[in-house]
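Colleague: We have chain A already, so just place chain B with the ligand on it with the hints.
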Amino acid sequence: MVLFHSISGALRAEKLLKAEGVPLKMIPVPRHLSSDCGICIRFERADELKVEGILGRSKLEIQGIHQI
Amino acid sequence: MIYLDNAATSWPKPEVVYQAMNNFMRQVGASPGRSGHRLSIEAGRVVYETRESLARLFNIDDPLRIIFTSNATEALNVAINGVLRPGDHAITSSMEHNSVMRPLRALQERGVELTVVSCSKEGFLDPGGIEKAIKPNTRLIVLNHASNVVGTLLPVIEVGAIARRHGVLFCVDAAQSAGAYPLDVSFMKVDLLAFTGHKSLFGPQGTGGLYIRQGVEDVVEPLMHGGTGSRSDSEHQPDFLPDKYESGTPNTVGLAGLGAGVQFVLSQGVDALREKEEKVMYLLIEGLGAIPGVTLYGSGDAREQVAVLSFNIAGIASSEVAMRLEEEYDILCRPGLQCAPIAHKTLGTFPGGTVRVSPGYFTTEDEADIVLRAVCNIASMGKGIGL
Ligand SMILES: Cc1ncc(COP(=O)(O)O)c(C=O)c1O
Chain A
1 MVLFHSISGA LRAEKLLKAE GVPLKMIPVP RHLSSDCGIC IRFERADELK
51 VEGILGRSKL EIQGIHQI
Chain B
1 MIYLDNAATS WPKPEVVYQA MNNFMRQVGA SPGRSGHRLS IEAGRVVYET
51 RESLARLFNI DDPLRIIFTS NATEALNVAI NGVLRPGDHA ITSSMEHNSV
101 MRPLRALQER GVELTVVSCS KEGFLDPGGI EKAIKPNTRL IVLNHASNVV
151 GTLLPVIEVG AIARRHGVLF CVDAAQSAGA YPLDVSFMKV DLLAFTGHKS
201 LFGPQGTGGL YIRQGVEDVV EPLMHGGTGS RSDSEHQPDF LPDKYESGTP
251 NTVGLAGLGA GVQFVLSQGV DALREKEEKV MYLLIEGLGA IPGVTLYGSG
301 DAREQVAVLS FNIAGIASSE VAMRLEEEYD ILCRPGLQCA PIAHKTLGTF
351 PGGTVRVSPG YFTTEDEADI VLRAVCNIAS MGKGIGL
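Residue numbers (the working numbering), protein chains in the order written: chain A, 1 to 68; chain B, 1 to 387.
Pulled out of the complex, with its shape left as it was, chain A reads as follows:
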């Protein structure tokens, strides 16, 4: 799952990832992690490299990618 600094960033990422066909879900951040904005995107572990690539190319700043 990927965490963001702001909801605007999370929403931009959601659109970028959806456009590339990455299955995902936008959910509130689980309690054991803490995020700046309270929202994160959950995706399949198998898509991790793809997600990193897409977000890297967009120069969107993220707070981090975590395994749950």
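Honestly, I wouldn't trust all of these hints.
Said to hold, decoys possible - Example chain B residues on the side facing chain A (calculated, C-beta under 8 Å, incomplete):
no., residue
1, Ser35
2, Gly44
3, Gly229
If you're looking for bench data, these hints aren't it; they were derived computationally from the structure. Think of the CB as a built atom: it goes at the ideal place given N, C-alpha and C, for glycine as much as any other residue.
Modeller: Same frame as chain A, now just chain B with the ligand:
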């Protein structure tokens, strides 16, 4: 009724704007970016979609570089007050709205130097005049894109190139041009673009924003600090966009309407919208120019301006003309100085001002004919009749 005050606020709006606002109020309603629940996320999406549509319209790569404000005035205040410090020098033109002039004049009293470059009496600006005014301490050039008094366009592309070459920040007031004339921030080399939502973008009042070029945010202080829904563990303002400049719960219902308005502009195309308005403007310019006793101001060429037109009738005050247009013909327009005293000084119409008529998307050619006949009647009857 014929509404010819679209330069103040466009009205009516496309049906989709009413629908989007009604739908938001009834179906979504929540605060965006504050809580993780689905209505909050949906509200966030509505705001994000509006950002993205605007980014497409202005050719901005990253939608998060657009910050929302309550109007162009607030956006201009963020840009002007955020950049300039005592000892800095700023340059502007003699065709500006008070939303540019007053923040600059206020800063002048606090040690900012200001040069106002004169425009011609038709409202045109020579870019060379801007370049000559640049000094070692020049930090910012602020120009309107299209005049709210006569609709003339200032040479923003040329000035953008000059500003970039001299390492000076360039801020454009696009209140009258956004949605009405093509705008491309990278082609125009604009660092800060202020726009308002309620004119040619067809949004409701209380919406507007500022585009801030990558890296420029480092030298633009926010006007307000406060809650953003992000970095809630910190007592300090976030440094990333848009949150750095977006404190407090936004006008989400307004942004829902603005999003629908911008979608409407994108679906019609700026060129097609312009062509439609240009036809009406052509009729008005030709027709008014042919009426004895009527003086037209500005370029006199519908292709060189946006849909804003100023005139006077010899011997009758602009306020009286406007009153008679409303009372006798049900035509609504705006007389006087239109918040731009310096522009009227340039045009030679200060302090009496002008009668300003501004058609919009819904103005028809038949309505333009009615307006021409009304002005013709008032001009031929002359002063004092009907009082
Ligand atoms: C050229 C220009 N600049 C700034 C503004 C201010 O816009 P707003 O009233 O939406 O703040 C206007 C319109 O009122 C305008 O025409």
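Colleague: The structure should be examined with respect to each hint, and the outcome stated for every one.
Modeller: Outcome of the hint check:
1. The interface hint given for Ser35(B) is met, as the beta carbon of that residue sits about 7 Å from the closest beta carbon of chain A, less than 8 Å.
2. At a threshold of 8 Å, the smallest CB-CB gap from Gly44(B) to chain A is about 5 Å, leaving the interface hint in force.
3. At its closest, the beta carbon of Gly229(B) sits 6 Å from a beta carbon of chain A; the interface hint therefore holds under the 8 Å criterion.
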